[in-house]
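Take these sequences, add in the hints, and give me the full structure.
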Amino acid sequence: MSQVRVLVGTKKGAFVLSSDGKRKQWEVSGPHFAGWEVYHVKGSPVDPNRLYASQSSGWFGQVLQRSNDGGKTWQPAGNRFVYDGVPGTHQWYDGTAHPWEFKRVWHLEPSRTDPDTVYAGAEDAALFRSTDGAQTWEELPGLRNHESGPGWQPGAGGMCLHTILLDPADPQRIFIAISAAGAFRSDDAGKTWRPINRGLKSQTIPDPTAEVGHCVHRIAQHPARPAVLFMQKHWDVMRTDDAGESWTEVSGNLPTDFGFVIDVHAHEPDTVYVVPIKSDSEHFPPEGKLRVYRSRTGGNEWEALTRGLPQSDCYVNVLRDAMAIDSLDSCGVYFGTTGGQVYASADAGDNWAPIVRDLPAVLSVEVQTLA
Amino acid sequence: MIRVVLPAHLRTLAKVSGEVELAVEGPVTQRAILDALEARYPALRGTIRDHVTHKRRAFVRFFACEQDLSHESPDAPLPDAVASGAEPFLVVGAVAGG
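Protein sequence lines correspond, in order, to chains A and B. Using this note's numbering, read the first sequence as starting at 26 and increasing by one per residue. Using this note's numbering, read the second sequence as starting at 1213 and increasing by one per residue.
Among the clues, some could well be false.
Cut-off 27 Å, straight-line C-alpha distance, at most; resulting in silico cross-link-like pairs (DSS-like, lysine-lysine) [claimed, not checked]:
1) Lys-1227/B <-> Lys-37/A
2) Lys-1227/B <-> Lys-97/A
3) Lys-1227/B <-> Lys-36/A
4) Lys-1267/B <-> Lys-128/A
5) Lys-216/A <-> Lys-128/A
6) Lys-128/A <-> Lys-1227/B
7) Lys-49/A <-> Lys-37/A
8) Lys-303/A <-> Lys-36/A
9) Lys-128/A <-> Lys-36/A
10) Lys-97/A <-> Lys-47/A
11) Lys-37/A <-> Lys-128/A
12) Lys-97/A <-> Lys-49/A
13) Lys-303/A <-> Lys-226/A
14) Lys-1267/B <-> Lys-1227/B
15) Lys-314/A <-> Lys-49/A
Note that these hints are calculated values from the structure, not bench results.
This is the structure in structure tokens:
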């Protein structure tokens, strides 16, 4: 019997939501790490009972937690995130130089092949890797030391490395994205990096087509077609067919192309999901209607999915790491809101129901499909 | 024994309840107490002071004997009442909502 386990990070702790393959009845476990911000929880694809959680606090800093039993019990792991060498400066919001300072881990990406190897995306932007189950961490400094690094600047949420995609076909290839520097790719397992932002246009920077400086919110990839990436940018939904060499806009008929999340159907590489948000100054759904938009054509043509979602007076946000997709035959789609709801659809987005309604603000949602 | 009172979140992280008692060799200073505390509870490393510089985290305060010792030198001797265990050394999260 299949099972799914939804891993939810919130402003005040982590929750584990479990169900069988029908995804109708849910068990809720938590809060784990109550009172702490949990930016992300993610499981190893190799050993699904191995989970990693990023726990942080304005008072007490970064803690990394690890579970070996699917989230029933947790042990603190290593939290020593130290930049390699003398970190130098990046740009502050006003364009002045600002020292690189570690604040927290936004995203954890466990290896596709080794449960003890996990990558961490940090604020201020840097990529760290552990090969001993999160006990010790080392920076992959080639990214931060890219020649454009001193010119990177934070987005409103901080200068965060929030997306890490480990290419399923090429173990040397890694994609990352930083707000507000843009997307970068390594073809040598993280040693060297280059920006992959050609085709992006951002009116919020002096040169709208600059090589770096774009506020990329999220990138998604289907494992069967790893050179095709979909991006939700600050404004604009984008697509590349050549691993980021060039991007084209696929916002099409979306009511607004601002948003944070983007994800791809488990079995249909051209079926893409976004949650349009009104604007960069009004972080809630347009018209107070919470709508997921689905494209079955790889972008440009989008349909609103509304059944079971609030269609009036809804003013929540859906943050960049807060959507996930399971891999059951009838693919499940999940997303969490800043209002504390986690919505699930067991039929690829046609119908929705809340799993929980009253959690703290949801920062991240991941799902594991268990045999 | 030195008595240390941790804030609730750090008690949870260290998996302790109530006060922590520590044996400290040599002069009783903030640094000596925190070294002993982190040696006993490695999960607390980095949560009270920086891993590398050992600078106190900005929103953490140190109180004892009704005094704020946050800005004292980490190597300054602490009051005798702390050294003797008559009074605890308090690690406090700065008051803020949220």
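Against the structure, the hints come out as follows:
1. At roughly 19 Å between alpha-carbon atoms, Lys-1227/B and Lys-37/A fall within 27 Å of each other, so this suggested pair holds.
2. Between Lys-1227/B and Lys-97/A the alpha-carbon distance is near 16 Å, which keeps this suggested pair within the 27 Å criterion.
3. Pair hint Lys-1227/B plus Lys-36/A holds up; C-alpha atoms about 22 Å apart against a cutoff of 27 Å.
4. Proximity of Lys-1267/B to Lys-128/A is assessed by CA-CA distance (about 15 Å); at most 27 Å being required, the pair is judged to hold.
5. A threshold of 27 Å between alpha carbons decides the hint, and for Lys-216/A with Lys-128/A the separation of about 23 Å falls inside it, so the pair holds.
6. In summary, the hint linking Lys-128/A to Lys-1227/B is supported, as the alpha carbons are separated by about 24 Å, within the 27 Å threshold.
7. For the given pair, Lys-49/A sits about 26 Å from Lys-37/A by alpha-carbon distance, which is consistent with the 27 Å threshold.
8. At roughly 23 Å between alpha-carbon atoms, Lys-303/A and Lys-36/A fall within 27 Å of each other, so this suggested pair holds.
9. A threshold of 27 Å between alpha carbons decides the hint, and for Lys-128/A with Lys-36/A the separation of about 16 Å falls inside it, so the pair holds.
10. Proposed proximity of Lys-97/A and Lys-47/A is supported: the alpha carbons are some 22 Å apart, at most 27 Å.
11. For a cut-off of 27 Å, the pair hint linking Lys-37/A to Lys-128/A stands: about 17 Å separates their Cα positions.
12. A distance of roughly 22 Å separates the Cα atoms of Lys-97/A and Lys-49/A; the hinted pair therefore holds under the 27 Å criterion.
13. Distance hint between Lys-303/A and Lys-226/A is fulfilled; the C-alpha atoms sit about 19 Å from each other, no more than 27 Å.
14. For the suggested pair Lys-1267/B and Lys-1227/B, the alpha carbons sit about 24 Å apart, so the restraint of at most 27 Å is met.
15. For the hint linking Lys-314/A to Lys-49/A, the alpha-carbon distance of about 24 Å falls within 27 Å, and the restraint holds.
Consistency note: the structure conflicts with none of the earlier hints.
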